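Number of protein chains: 2
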Amino acid sequence: MIRASEDNEFYELSSPTLLPKASGFLWNEKMMIHMNCRGYAVAQFMQPEPAKYSYAPNLEAKTFMQPEQPYYAHHPGRFVYVKDEETGEVFSAPYEPVRVPADRYTFAVGKSSIVWKVECGGVLIEMSLSLPKEEAMELWRVKVTNLSQRQRKLSIYPYFTVGYMSWMNQSGEYHEELQAIVCSSITPYQKYQDYAKIKEFSDKTFLLADRKPVAWEVNQEAFEGEGGITGPSALQEEELSKGDARYETPVGVLQYRIRLAPGEEEAYRFIFGPAKNEEQVAQIREDYFIKSNVNGEDGFEAAEREYDQYIREGRGCIEISTPDPDLDQFVNHWLPRQVYYHGQTNRLTTDPQTRNFLQDHMGMSYIKPQVARESFLLALSQQKPDGSMPDGIILHKDAELKYINQVPHTDHCVWLPICLSTYLDESNDYSILEEQVPYADGSGTETVLEHIHKAMKWLAGDRDERGLNYINQGDWCDPMNMVGYKGKGVSGWLTIATAYAFKVWADICEYGGQAEIAKEYRRAAEETNEVINRYLWDGEWYARGITDDNVVFGISTDQEGRIFINPQGWSLLSGAADEEKREKLMRAVREQLETPYGVEKLAPSYTSMREDVGRVTQKHPGSAENGAVYNHAAAFYIYALYSVGEREDAYRLLRKMLPGPTMEDIVQRGQLPVFIPNYYRGAYRQFPRTAGRSSHLFNTGTVPWVYRCLIDGLFGVQGTPEGIAIRPQLPSEWSEAKVRREFRGATLQIEMKREPGVTATEVYANGVYLENGVLSDLKPGTEYKVSVKIPVSE
Amino acid sequence: MIRASEDNEFYELSSPTLLPKASGFLWNEKMMIHMNCRGYAVAQFMQPEPAKYSYAPNLEAKTFMQPEQPYYAHHPGRFVYVKDEETGEVFSAPYEPVRVPADRYTFAVGKSSIVWKVECGGVLIEMSLSLPKEEAMELWRVKVTNLSQRQRKLSIYPYFTVGYMSWMNQSGEYHEELQAIVCSSITPYQKYQDYAKIKEFSDKTFLLADRKPVAWEVNQEAFEGEGGITGPSALQEEELSKGDARYETPVGVLQYRIRLAPGEEEAYRFIFGPAKNEEQVAQIREDYFIKSNVNGEDGFEAAEREYDQYIREGRGCIEISTPDPDLDQFVNHWLPRQVYYHGQTNRLTTDPQTRNFLQDHMGMSYIKPQVARESFLLALSQQKPDGSMPDGIILHKDAELKYINQVPHTDHCVWLPICLSTYLDESNDYSILEEQVPYADGSGTETVLEHIHKAMKWLAGDRDERGLNYINQGDWCDPMNMVGYKGKGVSGWLTIATAYAFKVWADICEYGGQAEIAKEYRRAAEETNEVINRYLWDGEWYARGITDDNVVFGISTDQEGRIFINPQGWSLLSGAADEEKREKLMRAVREQLETPYGVEKLAPSYTSMREDVGRVTQKHPGSAENGAVYNHAAAFYIYALYSVGEREDAYRLLRKMLPGPTMEDIVQRGQLPVFIPNYYRGAYRQFPRTAGRSSHLFNTGTVPWVYRCLIDGLFGVQGTPEGIAIRPQLPSEWSEAKVRREFRGATLQIEMKREPGVTATEVYANGVYLENGVLSDLKPGTEYKVSVKIPVSE
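So the protein lines, in turn, are chains X and L.
For the first sequence, the working numbering assigns the number 259 to the initial residue and increments by one for each residue that follows.
For the second sequence, the working numbering assigns the number 259 to the initial residue and increments by one for each residue that follows.
Among these hints, one or two may not hold up.
Pairs count within a copy or across copies, as identical chains cannot be separated in the list.
Below, in silico cross-link-like pairs of lysine-lysine (PhoX-like), each with a Cα-Cα straight-line distance of 25 Å or less [stated by the list, open to error]: (1) K996 <-> K1047; (2) K320 <-> K401; (3) K320 <-> K660; (4) K455 <-> K744; (5) K288 <-> K455; (6) K1011 <-> K1043; (7) K1047 <-> K391; (8) K746 <-> K457; (9) K642 <-> K449; (10) K842 <-> K1011; (11) K411 <-> K401; (12) K341 <-> K1047; (13) K1047 <-> K1037; (14) K320 <-> K457; (15) K341 <-> K391; (16) K500 <-> K279; (17) K839 <-> K457; (18) K449 <-> K744; (19) K715 <-> K1037; (20) K746 <-> K455; (21) K288 <-> K391; (22) K462 <-> K320; (23) K744 <-> K457; (24) K457 <-> K310; (25) K660 <-> K457.
Calculated from the structure, these hints are not laboratory results.
Being a predicted model, the structure only gives us computed values, none of them experimental.
Construct the complete structure from the given sequences, taking the supplied hints into account.
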C-alpha cells in the first residue's frame, strides 16, 4: 500500500483515502508547489514576496505557512474529469473532486516529479507534474489509455483552479492563437505608492496546451451549474460552452474528445503558471512547445530533464545501508533533498528568521558548502556593531521584516558559532574567519572572527546580575513572549545555549590559531554552566526560565509546562549536566516527554493562558510550540544524546521522527515518509486521539540537525581539521552498517561490523589501523576502504 | 415566483435556483447577517472591530465588505439535513448543500426575520431567523411537518458552519449540561502588545438547543467523510459519533430522531453566535430558554418580539400609493429600512468614511433626527481648526483610520452643509447652528456655524490659481488617486460640488439670520460656476478634472472614461449649467451613460491603466467605480434632475434602480428588490452579458439620496423654515398618487391627481388653497388633508 519504488526515486501510495493528506512537494528557483495525493495543491511563487496564481475561492489572508491546513471542496487543485460519452459516467483523477473509487490507484512522490496512475472502468489516467529549473510554472503531462477490450468514446477535461483572484479586477478568456486560457487580475491595493510595485507583478494565470481543445470553459459558475464541483452540469453537454469570466471566478478547463481503440493512448501536455502578459505566454508557448533543440527535444522535455538534473545536484554526502531499510530510504533519498530545499529556497521568504537562515545553511554545508559560506557572510553583514543580530535576514532590497520578525528575540547570536562549526568540519575552510565583512550600519568592516567575538560578547553582556541571559520577547521559542518583556525575565535554555556557543567558539578559535582566546571562552562556558546549575536545576531536570516576576518555570511544581525538552539536551551539550544530572534528566524526558511519535517539546501542554509565560500557552494543546513533538527540538535533544554517547535513546528517538514502520503508525501520522514535518501533534497523554499527526509543514530547522545526528553521531563520520574522525554509535540492535561518505573530494567506503572478540572499536583505512579513528591527509579524488570493527556489546 | 407577501412584511422567492444569490439581511446593535436564499451566510459582529463566529474553511483576509462575492461549497451557511430513516434518502433545507430540488420552496425576506419553507418528499421544513435587539446572536426556529399520508421516521440534523477559526488554537465539543456545542479559538496575534485586546474577545462560537439532541458532531472532517459536504458519510450511520474537534475544523451538527404521524409536526429552536466563555453560554440558555416573563414568554420569544419592534421604529416619513406597485412596495417597506440600517450601524465599521457618515445621517434625518443631530456634532468635533475634515469619523476610542481612510481625500467638507440642510428641512432645528463644538486638536470650541464657515473657507482656499479645487489622492471617487497626487491636479466635480455647497450654505445662513454672509457665499458660488464653465465645459458636457500634468479628462477626445456622470448632475445643482448646457449634457448622459439598468458612472469603462487618472482605471470594467451603474452617483443625478424640474428623465432613472418589473430583468440583476445595491454591473455597451448584475452590497450612500429624490423631488413634500412645500413632480404617465407624509409631528394625507382644466398645479389643505403650495404653521398631532390638482399635461 505504501512503498518505495524499485528505483528508489519515488515513494508510492496505493489509495487516496488511506492517507488523505499525503503529499509531496517540488520547488525551483522561483516557486514551490505542495501536491496532495487527491489533487489539491498549494503553490506560491516569489515576485519578490510570495504570490499565488491559483487562488482559494474567497479572499484568503496573506500569512506565513500554516500547519495542519484543512482541505475543502473548492480548495485549489489540479484535476482531470473523464466522461464516457456512451454511458455518461464521469470520474476524476487523481480522486477529487468526484471521488469515484479507482480500480487501481498510485500516487508516486518523486524527487523531481509527482505522478499519479488512476484506473477507473478500463480507462487509465496518468498525470505527472514537474517544474522547470528557474521559471515559476507547472509542467503537466496527462496520458489517457484505453485498458478495456472495446473502443471508447471519451471526453477528458483537464481542470486547473484559478479561484478568486482579486476584488479589483479579474477575468479570463481562451486565446485561440495561444491555445491557452489566460486569466487576468490586478493585485488589490489602495495607496498610489504601491502602484509602482503592483504594476510589475505577474498578475495573470495561464493554462497553455500542446494540443488544441475542442472546447473550453473559463467561468467556474457556468462550468459547475447546479451540479457543483463534484458533478459539474457542463459535463452533461456534448461540448463546453466556450465561455469567459468577467469579474467572475475564473477556472481553466479544456475539453478533448477522443476515440480510443483497445490499448490505444493519447498524451497531452499543459503548462500552468503566472505571467505578466499575453506576450509572455506566447513566448512560453514558443519556447516550450514549438522550438526544438539539437537533440530534438522541445523546451518542455528539456526543462523536465534539466530540472531533474538540478534536483540531483542536491544529493547528500552519505549513502547508507543498515538493518533499517526505511531509514536507508529516507536518508539516502529524501533527507538531503529536504536539506537542499531549505538551502535553495530560504523557505520562500525574503526575510528568513536569522536562526532559521543560519541553521538552513548549516545543512547546506553538507551539500553546497559555497552557498553556505556566502549565506553566513550575508548574515554577518547585517549584524549590528554592538554584536547583536537582527531578527531576520533581508534577502531582497525591497524586503522588510514581517510577522514574527518584528518581535525582538535574544538568541540569534548563539547560532553563529554553532552553525559555522559544521561548515568548518565539512570544508576545513578556516579562511572564512579572516573574511572582511561590513556591519549593518555601514560603520566599517571587520573579520568574521571579530564579528563572532562581538556576538559572543553581546551574549555575555545581555544578562542579569545572576549571569542569566535575558529573553526579552522570545528566544528560539517565538511565542514565549511574555516571560521577559518587562526586561527582567531570563531564558534558561538561552543561558545554556550560550555556554555551548562559547565552547564551540572556543574550539573554532583554537583551531583558528587563537589558543589564548579559546581559553577565555572555555572559562566563560564553565562559569555559565555553574550559574545554570545554581539557578536552573530543579532536582530532576533543568527549568526553562525565570519570569519578569522572578518565578522559575518549567519545574516539578508546575501543573502545565512542567518540563521542557530544550534545557535538558542543551545542558548535555554545554557540559552543565554531570553524569548524575544526565541520568536524572534523561529519565524525566523518557517518562514525561517521550511518546510513540517522538519527544514532546514540553509537557503537559498548556490548556489555558499563563500570562507570565505568554502566547505559547495559548497555542492549541499539542500543536506547534505548545507540546507538539516539535522535531526541531527533538533533533537538538538527539544530537545532544549522541554528543555524550547515549546512542540507544538517541537512535530510538531519531527513528520516531519517521513514520512507521507499522501501517497503523503511518496512518496516524497521515504522511508519507518523504519529508520530516516541523511537528507531529503532541499532548499524547492529554489528547491521545490526535497525537502523532503530521503538521504537513516541511519548512523546519529539524533537517540539518538530523543530518548532523547522522554525521557526527550515529555513523560518526565528522570532519576535523586533520581529516575525518570515524566514531560510529550504532544502536545495539544493529550488527552492521555500510556508509559511503563523500568528504572534501574523497570517497570513503565504510563497513561497520560488530565482531566477536573486539573489545574496543577499531578503525582501518585501506587496511591500516587509525589512531583514535582519525583518517588524515585525505586526497581528493581518492576512494578509501574503511573498515570499522565494533564490539558485540558496547 | 417573486412577489411581496400579502401583509407586505416579506418579499418572497419560490425557487432557490432562479436567483441563486438572492438574499436578505438583518442587523441589530451589535451585528449584521446577510442570508442567501440557498442557506449561505455572511455574518459579522463588533468587538469593537468586525469579527466572525462562523468562518470560511480557510484563513480568510480581513477586509472591507466586497461586492459580488462568490459562494462555494464550503461557504459559511446554516442548513438542515433531513434523512428518511426508512429509505435513507437525504435532502437539505434551504437547498444547499445537498441541492435536492424541492417540491415547494419559499424564501421570504422579512423586515425582522428571514423565513424558508421547503417541502421535499412530503416533509416540510420551516426555518426562520431573527435576532435579539442588542446581542450578537442568531435566533433560529426549525419546524418539521409530516405532510404525507404515512408515518415518517426521520432524522433531522441542523448544521451550522463554524469553519477555520484560528491557526493558534481551535477546538469544539458538546456540553451535555448546556445542551450546546461550544467551539473555542484564540484570535491569532504575534505581538504581546495585542494580548490585552485579544483576551477580551468573544472567541467562542456556540450552538445552543432548546431540546436535547440524540447525538451530535463537532468535527467537520469526521462528519463529511468521503461523502463530502453534499452527502456526509456520517448521515449513513444511525447516530452521529458524538465527536469533538481538537485543532480540527469545528462544525455544529445536532441530530434529532423523530416519528411523525401524518400531519404531525415538531418544532425546535437554536441560538448560534459568539461568546466569551461557557458561563456566558449558560447565562444565555437561562435567559432565553429557561426563564419566562410575566406574559409567559421565554427570553427567545420576547427577543423576537422586541427585535420586531426595534425594526419597526425605523419606518420612514412617507407612505405612498402610486400606479407603480413595485415602487410603492419598495418605498413603503424596504427603502426606509435600508436608510435606518445605515444610520443605526454606520456600516459596521468603527471609522466610517466622513462623506458616508454624513450622508448616512442625512438619511437618518428622516427617521431619527436626534441621532442625525448627534452624529453631525460628533463629525464636527473631529474637524481640524484649519476647517478640513478627517477622512473617517472615529466612533470608538480604540478605533483607527483603516484601509481607504489612510488616503487623503479633499471632498469631505462639501457634505457638511448639504447633509445638514436635509436635517434642517426635516426638523427646522436651526438651534443646531449655535451648538458649541470642539475641534479635533482640543484647541477650543466654536459654534456649528463657525465650524462650517471654516469648512467652506477651507474649500475656497484649497484651489489652484484658476480657482479649481485640488483633488489630491481622491475625492468622492476614492480610486481616482493619481489625478492630483503630485499636488497640482484638480477635480472638476469637486469644484462644482463646492459651488453647490456654497449655495446650500448660503440658504442655511440666510434662514439662520445671516443675510449678509449668505450673499457672500452666493457670490462665491457664482464665481465658482464661472470658473467651471471656463475650464471644464467640453462642448457637450463637463469634464471630470484636470491632471497634475494639466490634461483635461472625461472629455470627448478620450477613448475611455469619456464622460462621467457626476460633473453633469452637480452642474445642474450648482447652477453652472444654463438651459442650453443642460439640454446638451442630458442628451450626452442618455446617449452614453444610460442603460436598461440605470445610468453608468462613467463610460466607456477603462480597460487598462491610465496612470494620470489612477487606480479607478484598473478596476474591473463595469465594476465598482469603473463604469458600474453606481447607484450613489445615479441618485445624485436624479436628484439634480428633480432640482431643475426634469421629472421624466428623473423618474425613468429612479425606476431603474429597482429590479423589474419584468422577470427577465430581475433575473439579470440577480437580486430581490429588498435593498438597493451599491452598484449594478455596468459597461453595458462593452460587456452586455454581465451588465445589470447586482453587487449584492447594501452599504451605500445611495439610499438617503433616493429618499431625498422622493421627498424633495417626485412627491415634492420638502420641509421649509415656514412649514412644508407641496410641489410634486409626477411623471407624465401617472394620473394620480397618494402620499401620507409624517412631518414635524403632523400628518399630511395628500392626494395628487391630474385633472382636466387645471393649468397650473393647485394645492389645497383641508380645502384651503395654498400660495406656492406651502403649508405653514403646522400643528403637531394634527392630520391635514391635502389635495393637489395637477394639469393633465405639464
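Okay, the hints, checked on the actual structure:
1. Proximity of K996 to K1047 under the C-alpha cut-off of 25 Å is restricted to the intra-copy arrangement: shortest distance 12 Å within a copy versus 108 Å between copies.
2. Proximity of K320 to K401 under the C-alpha cut-off of 25 Å is found in neither arrangement, the shortest distances being 35 Å within a copy and 42 Å between copies.
3. Taking CA atoms no more than 25 Å apart as the test, K320 paired with K660 passes in both settings, with 11 Å inside one copy and 17 Å between copies.
4. In the homo-oligomer, the alpha carbons of K455 and K744 lie at most 25 Å apart only across protomers (18 Å), although the nearest pairing inside one protomer, at 39 Å, exceeds that limit.
5. Taking CA atoms no more than 25 Å apart as the test, K288 paired with K455 passes inside one copy only; the shortest distance there is 18 Å, against 39 Å between copies.
6. When the C-alpha separation of K1011 and K1043 is checked against a cutoff of 25 Å, the pair qualifies only within one copy, where the shortest distance is 14 Å, while the shortest distance between copies is 112 Å.
7. For the identical chains of this complex, K1047 and K391 are neighbours neither inside a copy (44 Å) nor across copies (82 Å), given an alpha-carbon limit of 25 Å.
8. For the identical chains of this complex, K746 and K457 are inter-copy neighbours only, at 23 Å across copies versus 47 Å inside a copy, given an alpha-carbon limit of 25 Å.
9. For a Cα distance limit of 25 Å, the shortest separation of K642 from K449 across copies, 23 Å, qualifies, whereas the shortest one inside one copy, 33 Å, does not.
10. For the identical chains of this complex, K842 and K1011 are neighbours neither inside a copy (32 Å) nor across copies (100 Å), given an alpha-carbon limit of 25 Å.
11. In this assembly of identical chains, K411 and K401 lie within 25 Å of each other by CA distance solely inside one copy; the values are 15 Å within and 49 Å between copies.
12. Proximity of K341 and K1047 under a CA criterion of 25 Å is satisfied in neither setting, with 63 Å inside one chain copy and 70 Å between copies.
13. With identical chains, the CA atoms of K1047 and K1037 are at most 25 Å apart within one copy only, with a shortest distance of 24 Å there and 113 Å across copies.
14. For the identical chains of this complex, K320 and K457 are neighbours both inside a copy (19 Å) and across copies (23 Å), given an alpha-carbon limit of 25 Å.
15. Proximity of K341 and K391 under a CA criterion of 25 Å is satisfied in neither setting, with 34 Å inside one chain copy and 53 Å between copies.
16. Taking CA atoms no more than 25 Å apart as the test, K500 paired with K279 passes between copies only; the shortest distance there is 24 Å, against 34 Å inside one copy.
17. Taking the shortest Cα distances, K839 and K457 never come within 25 Å of each other, neither inside one copy (61 Å) nor across copies (40 Å).
18. Taking identical chains as interchangeable, the C-alpha atoms of K449 and K744 lie at most 25 Å apart only when they sit on different chains, with a minimum of 14 Å there against 36 Å within one chain.
19. Taking the shortest Cα distances, K715 and K1037 never come within 25 Å of each other, neither inside one copy (39 Å) nor across copies (87 Å).
20. For a Cα distance limit of 25 Å, the shortest separation of K746 from K455 across copies, 24 Å, qualifies, whereas the shortest one inside one copy, 42 Å, does not.
21. Taking identical chains as interchangeable, the C-alpha atoms of K288 and K391 lie at most 25 Å apart only when both belong to the same chain, with a minimum of 8 Å there against 53 Å between chains.
22. Proximity of K462 to K320 under the C-alpha cut-off of 25 Å is found in both arrangements, the shortest distances being 18 Å within a copy and 24 Å between copies.
23. Taking the shortest alpha-carbon separations for K744 and K457, only the inter-copy value of 19 Å comes in at or below 25 Å, while the best intra-copy value is 44 Å.
24. For the homomeric pair K457 and K310, the shortest alpha-carbon distance inside one copy (16 Å) is at most 25 Å, but the shortest distance between copies (33 Å) is not.
25. With identical chains, the CA atoms of K660 and K457 are at most 25 Å apart both within one copy (22 Å) and between copies (23 Å).
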